[in-house]
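Colleague: Each residue of the sequence shown is one higher than the one before, counting from 484 in the working numbering.
Keep in mind the hints are simulated off the structure, nothing from the lab. Check the hints yourself; a few may be wrong.
Taking lysine-lysine pairs in the BS3-like style, the calculated list, with each CA pair at most 30 Å apart, reads [stated by the list, open to error]:
{"hint": "1", "residue 1": "Lys564", "residue 2": "Lys523"}
{"hint": "2", "residue 1": "Lys527", "residue 2": "Lys572"}
{"hint": "3", "residue 1": "Lys564", "residue 2": "Lys538"}
{"hint": "4", "residue 1": "Lys613", "residue 2": "Lys523"}
{"hint": "5", "residue 1": "Lys523", "residue 2": "Lys578"}
{"hint": "6", "residue 1": "Lys646", "residue 2": "Lys538"}
{"hint": "7", "residue 1": "Lys538", "residue 2": "Lys523"}
{"hint": "8", "residue 1": "Lys654", "residue 2": "Lys578"}
{"hint": "9", "residue 1": "Lys538", "residue 2": "Lys654"}
{"hint": "10", "residue 1": "Lys572", "residue 2": "Lys646"}
{"hint": "11", "residue 1": "Lys572", "residue 2": "Lys654"}
{"hint": "12", "residue 1": "Lys613", "residue 2": "Lys538"}
{"hint": "13", "residue 1": "Lys646", "residue 2": "Lys578"}
{"hint": "14", "residue 1": "Lys613", "residue 2": "Lys578"}
{"hint": "15", "residue 1": "Lys564", "residue 2": "Lys578"}
{"hint": "16", "residue 1": "Lys613", "residue 2": "Lys527"}
{"hint": "17", "residue 1": "Lys527", "residue 2": "Lys564"}
{"hint": "18", "residue 1": "Lys654", "residue 2": "Lys527"}
{"hint": "19", "residue 1": "Lys564", "residue 2": "Lys613"}
{"hint": "20", "residue 1": "Lys527", "residue 2": "Lys578"}
{"hint": "21", "residue 1": "Lys523", "residue 2": "Lys646"}
{"hint": "22", "residue 1": "Lys578", "residue 2": "Lys538"}
{"hint": "23", "residue 1": "Lys646", "residue 2": "Lys613"}
{"hint": "24", "residue 1": "Lys564", "residue 2": "Lys654"}
{"hint": "25", "residue 1": "Lys527", "residue 2": "Lys646"}
{"hint": "26", "residue 1": "Lys572", "residue 2": "Lys538"}
{"hint": "27", "residue 1": "Lys523", "residue 2": "Lys654"}
{"hint": "28", "residue 1": "Lys527", "residue 2": "Lys538"}
{"hint": "29", "residue 1": "Lys572", "residue 2": "Lys523"}
{"hint": "30", "residue 1": "Lys646", "residue 2": "Lys564"}
{"hint": "31", "residue 1": "Lys613", "residue 2": "Lys572"}
{"hint": "32", "residue 1": "Lys613", "residue 2": "Lys654"}
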Amino acid sequence: MKCKMSSFLLLLLAVPATRLAAEQLIPAGSLVSCVLAEPKLSSKTANIGDPVMCKVSHVELYGRSTLPYGSYLVGRFEDYKDPGHFVGKGWMELKFDHMVIQPDTVIPVEARVVSVPGYAVDRYGRILGKGHTTRDIIEWSIPILWPIDLLNLPRRGPRPTLKEETRLTLKIMDDIGIPDRQPQQYEDDTPRLQRRPSAYQPSDYQQPAPAPQPQVIAQPVYQVQPVYVAAPPPVYYVAPPPLPMYYSAPPPMMRASIPYWGYIAPY
484 MKCKMSSFLL LLLAVPATRL AAEQLIPAGS LVSCVLAEPK LSSKTANIGD PVMCKVSHVE
544 LYGRSTLPYG SYLVGRFEDY KDPGHFVGKG WMELKFDHMV IQPDTVIPVE ARVVSVPGYA
604 VDRYGRILGK GHTTRDIIEW SIPILWPIDL LNLPRRGPRP TLKEETRLTL KIMDDIGIPD
664 RQPQQYEDDT PRLQRRPSAY QPSDYQQPAP APQPQVIAQP VYQVQPVYVA APPPVYYVAP
724 PPLPMYYSAP PPMMRASIPY WGYIAPY
């Protein structure tokens, strides 16, 4: 009886161990970032219950990637409130309830929005708008601006609007298990796996015939006879005689006669 009880306890302990080995656990309280796929999400473009998809970013836990590439969270446009004309801010709420892992794995998830760039998020996961609680008192205190204020009076405050590729930060509320991706086994039929050593082959195994060796044909060797070529005759170059050089004598120097004028002394 004791042996049966011990076997039963070992079986119960082996089941959770096998499950933990086949799944990656993401504990509750983990933060997951995702990128919104909607081009422009607000209470003006979506109705309550419309599906919302958010692509999950790369997540690492203990130095290991936990979510495969291409995973995304799917949720709903849960609720909203438009801003009032005089008092109140608008808000909207997104609720994500399951995760899709490629190619066709669906995991139930309970996640809450905790951070959105440019907007405040309350403790219920509602994205709060930037509207003012009351109308600007300063503008109404200036009588000159009353016509403009009267025109803007019917308009509501700004709604919270999420643009395309807005990054949301979600908080996982319960533990979730991500199944491990088992590598596929492929049969390799390459010749390198088909070759076996002869020691492992059965006794009736016949060795393949050796490949024929290439035949070497000897080429005849011809002796090269030296050929003597007579040296070319020398070429003599006779320089022409130098040309005579003639020098002309300079012209003779002529002295001009200078007339002399004198006076004859009287006797």
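Colleague: When the hints from earlier in the document are held up against this structure, which numbers fail?
Modeller: Per hint list: zero violations.
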